[in-house]
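Sequence order for the protein chains is W and D. Position one of the first sequence corresponds to residue 1 (this note's numbering), numbered consecutively onward. Position one of the second sequence corresponds to residue 1 (this note's numbering), numbered consecutively onward.
These are computed hints drawn from the structure, not numbers from a lab. Do not rely on the hints blindly, as some may be mistaken.
When chains are identical, the list treats them as one kind, so a pair holds in a single copy or across two.
[As the list claims (entries may be wrong)] With a cut-off of at most 27 Å between alpha-carbon atoms, the simulated DSSO-like pairs for lysine-lysine come out as follows:
1. K15 - K220
2. K63 - K200
3. K64 - K220
4. K64 - K237
5. K309 - K63
6. K237 - K63
There are 2 protein chains.
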Amino acid sequence: MAKGEEVSNKQIILKAHVSGFPKESDMDLKTSTIRLKVPQGSKAVLVKNLYLSCDPYMRSRMKKLDVPGYVPSFTPGSAISGYGVAKVLDSGHPNFKEGEFIWGMTGWEEYSLITAPETLFKIQYTDVPLSYYTGILGMPGMTAYAGFYELCSPKKGEYVFVSAASGAVGQLVGQFAKLMGCYVVGSAGTNDKVDLLKKKFGFDDAFNYKEENNLDAALKRYFPKGIDIYFENVGGKMLDAVLLNMRLHGRIAVCGMISQYNLDQHEGVHNLLRLIAMRIRMEGFLVGDYYHLYPKFLDFIRQYIKEGKIVYVEDSAEGLESGPTALIGLYTGRNVGKQVVVVAHE
Amino acid sequence: MAKGEEVSNKQIILKAHVSGFPKESDMDLKTSTIRLKVPQGSKAVLVKNLYLSCDPYMRSRMKKLDVPGYVPSFTPGSAISGYGVAKVLDSGHPNFKEGEFIWGMTGWEEYSLITAPETLFKIQYTDVPLSYYTGILGMPGMTAYAGFYELCSPKKGEYVFVSAASGAVGQLVGQFAKLMGCYVVGSAGTNDKVDLLKKKFGFDDAFNYKEENNLDAALKRYFPKGIDIYFENVGGKMLDAVLLNMRLHGRIAVCGMISQYNLDQHEGVHNLLRLIAMRIRMEGFLVGDYYHLYPKFLDFIRQYIKEGKIVYVEDSAEGLESGPTALIGLYTGRNVGKQVVVVAHE
Chain W
1 MAKGEEVSNK QIILKAHVSG FPKESDMDLK TSTIRLKVPQ GSKAVLVKNL
51 YLSCDPYMRS RMKKLDVPGY VPSFTPGSAI SGYGVAKVLD SGHPNFKEGE
101 FIWGMTGWEE YSLITAPETL FKIQYTDVPL SYYTGILGMP GMTAYAGFYE
151 LCSPKKGEYV FVSAASGAVG QLVGQFAKLM GCYVVGSAGT NDKVDLLKKK
201 FGFDDAFNYK EENNLDAALK RYFPKGIDIY FENVGGKMLD AVLLNMRLHG
251 RIAVCGMISQ YNLDQHEGVH NLLRLIAMRI RMEGFLVGDY YHLYPKFLDF
301 IRQYIKEGKI VYVEDSAEGL ESGPTALIGL YTGRNVGKQV VVVAHE
Chain D
1 MAKGEEVSNK QIILKAHVSG FPKESDMDLK TSTIRLKVPQ GSKAVLVKNL
51 YLSCDPYMRS RMKKLDVPGY VPSFTPGSAI SGYGVAKVLD SGHPNFKEGE
101 FIWGMTGWEE YSLITAPETL FKIQYTDVPL SYYTGILGMP GMTAYAGFYE
151 LCSPKKGEYV FVSAASGAVG QLVGQFAKLM GCYVVGSAGT NDKVDLLKKK
201 FGFDDAFNYK EENNLDAALK RYFPKGIDIY FENVGGKMLD AVLLNMRLHG
251 RIAVCGMISQ YNLDQHEGVH NLLRLIAMRI RMEGFLVGDY YHLYPKFLDF
301 IRQYIKEGKI VYVEDSAEGL ESGPTALIGL YTGRNVGKQV VVVAHE
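So that you can see chain W by itself, here it is in the shape it has in the complex (with noise of 0.2 Å):
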């Protein structure tokens, strides 16, 4: 297609804001034009997306959210929007040019206009797949090392637990406390996710916690001397269950909670007195305070990546008319390693 040709643009949209469990039903794919240039004297830039990320997070942007400082809602009608990997097409920005590819955030769409490029990634090493860059070499992977290496001081020898531990986050966590001589057990919701955990990522033991009636037992039976850190990623009952095992001066960082995000009453977590006998820090965070750490996580990660001593498990829909099934997915636990939309292969 030529510069500056007007073409059609496939959307997702959010028809409406969400309550409860979300279904695809929710969304809808809408078909718009795009003009394939920046308009002139904008410092936009216009994109084609090539690789779109689902993240649990996103469904907080489903309903209408009052929280001040937070990611704001999507808007009903509206492409929805996400961290995604595209093309430069046209720039009226400085920083990109065309032809360049970029990570951050774009639209669920074909072709995305982003007003504000200075959030935007350039990225240089294309000696990966692309892909990473809505995985591990992305947001997820920052959430990941900002978590675990900022927030959770880490040591040799401590006991980790991570929860959703083969989703994108839980399984660099995972991995990063086994490079870090750590004991790390993980869970997730089948057993050929345990089995992953196990046998490609590396963790010491693993289980699934659909199949622990107590889950209290279960971590007595990972953790018999109890966990020093526990990376948190679903909420709700395991973390009342963890906070029945942590050690002495453990460390809980709050990544996410995604048991909860479609209860429109989130569960209560009783066991918080334990935060008092065992001296526990409990902290959430957003990547988004750490991105001054992108640089040196990028070489960080690379070299692990070259080395072949982090690995990395995506999962895959084709087109952008599956991403609300693979979206929806996230809170099944359908999805096995970190879910991408691909858009176009460039």
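Chain D: place on chain W using the hints.
Just chain D, lined up with the frame of chain W:
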């Protein structure tokens, strides 16, 4: 009485481990005898107890606890123990001499044989009421100091909320926060205590939580811009409401959760997701980890007391017999200020 004499020794004993709300009848006054001399060759210390400290954490010792590393349960049939101020009558330990005053863990009885005197603090300054060493100059003072300065990282101009604010710890935290230039609001359970907070302790504002049917709305009224620091003494519904009002990068020092101590099933806390959106750090602590700071604290607080910049209110119950009523009164908020039991005035 002569040294070495065998004398009668009134004691407060716990009859059996308690579940639910403790009653005076869970304890009993018993009279045994004690010889006012340490056994030959022992490093113990024999003391006459003067002031006994009633502290909320003692509730946890009335039940059969299974938390490793935490203070042990009381032994039914034996005198309960707790912090107190006492006079040394005889000593087998080189650090303590007859006639000296100490504070630390002792028995709820007239005389105690303390077999691990290493944990005791010798009282050097007797230019203040000795009972202060059960509160402002003792464990609660040190708790307020460590919790506020070490965990909360306070900065001038920040918004600080203290629950159970007229208690031994709360009244000090509020005053520390004012000294730091923070805006401080406290909650308490009677209007008299609210008056005390505002008029005596210099809190910027205070409210009676029992008169608020919507704690979230109350906090929004007192903190229209939100809370930077929450000094947590109560837990449960108050914590849930506070979570909805924390500001970005807020800090919660979890000192106690008195609202939960008498419940067999603790209340659920539903708003922990806010930890993520607001990047909140929530940390439990025990004063025992901070006693290395005690000499520094003592210099700090004595200076402020001398200058009249920190005031202190205690609630004295006369006689060991009044102990059970005084202790149980903590859980209904009967005490105004630090609750002390006076066993003897020297």
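Hint check:
1. K15 - K220: For K15 and K220, neither the intra-copy (45 Å) nor the inter-copy (33 Å) Cα distance is at most 27 Å.
2. K63 - K200: Neither: 36 Å inside a copy, 46 Å across copies.
3. K64 - K220: Between copies, since 20 Å is at most 27 Å while 39 Å is not.
4. K64 - K237: Both. Shortest intra-copy (25 Å) and inter-copy (24 Å) distances satisfy the 27 Å Cα cut-off.
5. K309 - K63: neither (39 Å within a copy, 50 Å between copies)
6. K237 - K63: both (23 Å within a copy, 25 Å between copies)
Violated hints, in rising order: 1, 2, 5; the structure is consistent with all others.
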